[in-house]
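Q: Now for the letters of each chain:
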Amino acid sequence: MKRKIALAAFYVLAWIWPCIAQQEINGFVYSSSNQMPLHGASVQLKKAGQIRHSGPDGGFKLELTGNDTLLVSFVGYIPRYIPVTVEPQQLLEIYLEPEAETLEEVVINTGYYQVPRERATGSFVHVDNQTLNRVVGGSILQRLEGIAPGVQFTNAGGTSASDIRVRGLATIQSDETPLIVLDGFPYEGDINTINPNDIESVTVLKDAAAASIWGARAGNGVIVITTKQGRYGQKAQISFNNNVTIGEKPDLFYNQNRLPSDIVMQIEKEKYERGGYYNEAATQAPFPEYVELLIRRDQGLISGEKFTQQETILRNTEVRDEALRYLYRPSQYRQHALNVRGGGETMRYAFGLGYDRNRSTIVGNGNDRLNINMQNTFKPLEGLELSGSIWYTSQGTETNGLTLDDLGSGATNFGLSPYIRLRDEMGNSLPVVKDYRMPYKESMAAEGLLDWQFRPLDEITMADNRTKGTEMRLNGGVRYAFLRHFNLSADYQFVRGESQTIQHYTPDSYYVRNLVNRYTQEDGTQVIPHNHILYGQRPAGQHAHSARGQLNYSRDFGSDHAVALLAGAEMRSGVRETEPGYRLYNYDPEYRTGNTNFDYVTRYPTRPRLTGTIPEQPSGRDGYMDRFLSYYGNGSYTYRKRYILSASLRWDGSNLFGVKTNQRGTPLWSVGGSWEASGERFYPIADWLPYLRLRGTYGSAGNVNKSVSAYPVIRYAMDTGRDLQYADLQSAGNPSLRWEQVNTLNMGMDWRTMGNRITGSIEYYTKWAQDLIGADYLPPSTGIITGGTAVATNLINYADLQTKGVDVQINSLNLNGGITWKSLLMVSWVRNRVTHFNTGEVATIGNYFTSPPPVVGRSRDALYALPWAGLDHETGMPLVWYDGALGAEYSDYYRNYDPADLRIEGVRVPSFYGSLRNDVSWKGIALSVLVTWKTNYVFRRESIYPGVEYDGGYHMDYFRRWQKPGDERITDVPAWAESSETYRTQVYRHSEALVDRGDHVRIQDVNLSYAFPRDLLGRLPIAGIRLYGYVRNVGILWKSTQTGIDPDYVTAEYPAPRTFAFGVQVDF
Amino acid sequence: MKKETVLSLAALLVCTACGRNFLDIKPDVRLTVPNTVQDYDALLNHIRMNTAASVELGIIGSDEYYIPDGTLTTLSGADERNAYIWATEIFEGDESADWNRAYERILYANMALEVEKITPADKEIALWKNVKGSALFFRALNYYQLAQLFCQIYDAATAASVPGIPLRLEYDVTQRVGRGTLAQTYRRILDDATAAVELLPEMAVDKKRPNKAAGHALLSRIYLQMADYGLAEKHASLSLQLQDDLIDLNTLDPTLNYPFPEDVNQNIEVLFDNGGGAATIVGLARFNADTTLLALYSDRDLRRDVYYFAHTNGATIFGGGYVRSTRTWIGLATDEMWITRAECRARLGDVQGALEDLNHLLRYRFRDGMFDPIKESNAEEVLRIVLQERRKELVMRGTRWEDLRRLSNDPRFAGTLVRMIDGQRYELPAGDPRWVWPIPDNEVELNKLEQNIR
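Chains as they are written, first to last, in our numbering: chain E, 1 to 1068; chain W, 1 to 454.
These are computed hints drawn from the structure, not numbers from a lab. Among the clues, some could well be false.
[Said to hold, decoys possible] Just a sample of chain E residues kept apart from chain W, beta carbon distances all over 10 Å, derived: (1) Ser239; (2) Glu280; (3) Gln395; (4) Pro431; (5) Asp626; (6) Ser654; (7) Leu729; (8) Ala775; (9) Gly788; (10) Arg989; (11) Val1050; (12) Ala1056.
[Stated by the list, open to error] When the alpha-carbon atoms are kept at most 25 Å apart in a straight line, the in silico SDA-like pairs for lysine to any residue are as follows: (13) E:Lys468 - E:Arg607; (14) W:Lys448 - E:Arg538; (15) E:Lys706 - W:Arg81; (16) E:Lys271 - W:Gly314; (17) W:Lys26 - E:Lys228; (18) E:Lys822 - E:Val1001; (19) W:Lys26 - E:Ser559; (20) W:Lys26 - E:Phe494; (21) W:Lys26 - E:His561; (22) E:Lys228 - E:Ser73; (23) E:Lys706 - W:Asp172; (24) W:Lys26 - E:Arg576; (25) W:Lys129 - E:Val575; (26) W:Lys448 - E:Asp356; (27) W:Lys123 - W:Asp206; (28) W:Lys448 - E:Gln542; (29) E:Lys641 - E:Ser559; (30) E:Lys269 - W:Asp69; (31) E:Lys271 - W:Arg81; (32) E:Lys271 - W:Thr174; (33) W:Lys448 - E:Asn797; (34) W:Lys26 - E:Pro79; (35) W:Lys129 - W:Asp206; (36) W:Lys26 - E:Arg627; (37) W:Lys26 - E:Val575; (38) W:Lys26 - E:His545; (39) W:Lys448 - E:Asp901; (40) W:Lys26 - E:Ser707.
All C-beta atoms in this analysis are idealised placements derived from N, C-alpha and C, irrespective of residue type, glycine included.
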């Protein structure tokens, strides 16, 4: 302590001392590239240790006590040493050369204000345009995968916000989706309507100081998307971008839940011979094709020779080959974009035009999108700025294709037969089993009904299902600067979108033939006309108005103090509506005539049984309204540019229903501070670490759950059969409802080494999510039952969750000469733990496998399993420890298993993950490779369970089954059994034997580009041409699991196919 | 500086002025916090009040059908598989639809009973009474059905000492309610049903909503189960006074698989429309009518042809439900009241009255001109005939389980149920604890209830 006082005294003296004999020197610092003054350049007297910063005009003033050397430095510029003497001298004019590899000043846009990264106390990830453009095609969110620390895709290849977790989990039952902000307003439309070519940058707000400005919906993080803008005094920039992405055909043989044809036929034959499985029913529930063949043989309808011939064909057919040949194709995605921007002295503008055409990997599916936008900003008077922009998107989607799953029977008793063929040797389209038994369909055709067969290949050519949607976004804003330090802004946004799906069924389509046949009466009259049917699904529309008024104040008091304050209010009203659709019978596509005038009340006998009314017009009409009202304020105080304090406060209200008025709103706040240690005179390591900053924040954000209610809530609907209104009890009410709140502590450190060779940041955070809403387990006698109408009642604020993590980002410039080599390493570590919940413990362990309840002290993502004791030497059946001995008491074992004894195998979401990107460039050639890894997590895989194949459960582990004593040493897959038993299945299915580690490393993508050298372009009116190639989903480098499973696609039919893109960008 | 402060404060004030009302709009136009008589009325119109009635375990466990060899183990529902052979363990950890759906209906009824807090305007009084009466009726009916599955057979002597079922009388889900006694359970059922009858209208909007005749029919059924034949007879009579129509089966087309009228509201026998579940085990793929039962119908009895039809697979299927589908119909109807009154009168010694009621019913059931009225003077013999006719008349109504239970207390009529399947023989003798189904595991665990011993 004494030493500190002495030190302080010394510093004070050091300040005062020079006053005795001093010489003042004045000067200015400029950039040598554009002769503009540099504001905030550091000017240091090496001997005296005195530091000053240049003012907005680049000027500085120093007191000199003796000959010294001046060190002038500025971020992104080469520092200069200038000797100075005590003699009176003239004004110094110092020009700094920019570094070859300049570190541009990153400006972070929170949606409410912009702040240079150096001045922000909170945690932000800024993704600039160049990084966004590494990825070709895809949606804007997809481009964030693997390049933003703390941003995790829980669903690989996901395209929507709900696939993203920002810094782990902050809720249990409520929406986990981060808030998307587009040009300053929350965006609730389809993110895929946005053309990525129109986006300038993306900022992810991760901690409370960053996100709390967005209030009650910021608990899951905020992703702020900023579109390209023109700048004042910018020459017109025209950029044309054109590319095509080709995707490989999907790997249909990836999914293991299938068996080859001969095995399935063997199983079906066995079931047929056993009896009891294929029971003839009045429903005419279909039998598999092979079973029908067996029946025909046994009834003597086909000869033994013919049977064998047919059987051989089936045995040698593999439906996945058939599907790959006829139903799938390489995908093709074309993207064309034109962007123009620029500005004059009093106006600036941007224009964007984009057209995307996607031919899906499924034959018959595809979509296209047209984007047009125009933005204009004017400065009619000094201090006044008016802006207006219009964005229009039109999207069309065709879904005429059929997938492998669509070849299934549509019945509950069996799914997809692996031996079905789509085309015969003659090239004829073949029928597959669908809805009813084949002999029934044939007998009906013989009776004079329409052909009732479902021929997949014909259906694809006949189908005409389209979804069309448009979205219009209008932005308007006024900014007025007055009284020198004030700035008033008002912004307004209007969004309107609508979409409708229209299905046109031709008379030959299965849909029409099936409907007509089902309603064909005993005497042959067709109740439903055999003609086109045009089915317009209920059109959905939404529109939203948002408005905001904000007052900004910023002022520097002398050179030491700077204050920035803002306060504002925001209103938002969104409406989502669904209107009645239509169903035109007897439709004539040529003249567009049709009929809706039918009797929808009379019940007609239908085939094969029961009665039914004519399918009526989709008539429901819904309306949902969301309203938000917020007041907010934000301020920061900077002292000597080194010390920053920031604080924010926000009150949010929404029209949450059934909530007591005082619970509609919630106040949220944050505080933060930062210290630029390298700015201090006593900073000891300026030589090798010229920049070091420490920062910390703490604050709260919230989360809304709209499905809960304090009061009982009912919802009206129409019982058309009774012509009566009825009400659904949606919730029996929960009087103790509160908002969810997420408090976050964030501590960070930013650094730069000499020459900016290695720059980076490390951040540690803890999120305390409180009063989380989750499903409580209520006894069914409360009336809150599984599948009941009032399920929302069991949602109560009961849990607290803590999430901790570290995000590290390191940029290094490894080579900088003819060849430039840069690396970008991102490492994230995240872990969550349930810290409180007050529901009764669930004694049945089944829940722990399907939807695990939160358990205090454990991760919310915990994956539970039963211990595995191997297979019995004699029977090959699973062994379980029960009553102190190994045995086969599956039911007693499972039902009496204490959940506390369940094994926790790990977590289902990677807790340690990251990426390494290497960018190498030489002359105009640039290569960029992104390697990502995900570790410290597990997944549960499927297998085959004894006898389950007779219930239609197939899996390739069939071939790894225990066959004979001794096999238990080489396999965990239990033996065959005549029929499945619930508990015997469970003890294996949920055992640790089927849990694998998900750890893996993959090359996510590779980008190679070539920019033509300037001189090569000569006198063409072209500023630059860039050719590029891009490969995505390159492949897995290493994985922990020994199985063929890709840990990112455990349950998927197939992993995302590899895609190859080629394109050209021309700038004028 | 002062000017600046004033300006910013003024701007903020302008913004705060617009507030409160903005957030008062409903997020979904169809949502509302129930607080009017109409709201509570609409709740009771919910189709769940009249479907998947909680009688499934009783239907599965009764002797009205059998399933062929090889079709039991292929059933996917553990409860169906186990209940068919009256196994000790039924649910294997699954939930019980009977239990769940009854309590959901009770929640709806309890919510609708909030109507009591409304003082109705004059023009609302009729609807107010209807809502309150209907809610009480639904609550009584569901507690009654639960008691037939999960409580011991009612015996006035022991009812106060054996457990009942949790009686929830309010919608507040945070209340904990235990089993209480069987006497309390029946007291509540009777109180609710009695109060309901006073409030119910003579004519309801349709037959899915109870009317006064249905209320009396329910009371008659409850008293019959409690062996209070005097009151059972009284309420059967009160019900029949309001509606006693019977369908002459000669007017139906017996060649149809499901000959009863398409629209239940047009069925003159129906007092209250209630549908059963759709248990797979009694579906077309497995159902075979009990051969003993089929043998009881005489050639002149139209019910053999009207109630049953031959399936293409050779099985005899029951198609005589008052709903035109394979689903069971388990509502309340006039035929039940006629046969109940006949039984009560026989038990009370009114042989003449019993035979009048029975012959009246059978006249509508036999072929035109082929019915010879039954003549018999021995009261016990009459009772025996009435009980046999009851079995032949009320097929797949959910009542057979209730009848088997109450008759198993009487040595004259008690018997052992037997199933033969896949070479195994299963028995359920009178007095066996397996006449009471176990309470579902999740209820026992979450509500800490006493389990039934089987």
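Q: Give me the numbers of the hints this structure contradicts, sorted from smallest to largest.
A: As far as the earlier hints go, 2, 5, 6, 7, 9, 13, 14, 15, 17, 19, 21, 22, 25, 26, 28, 32, 34 are violated by this structure, in ascending order.
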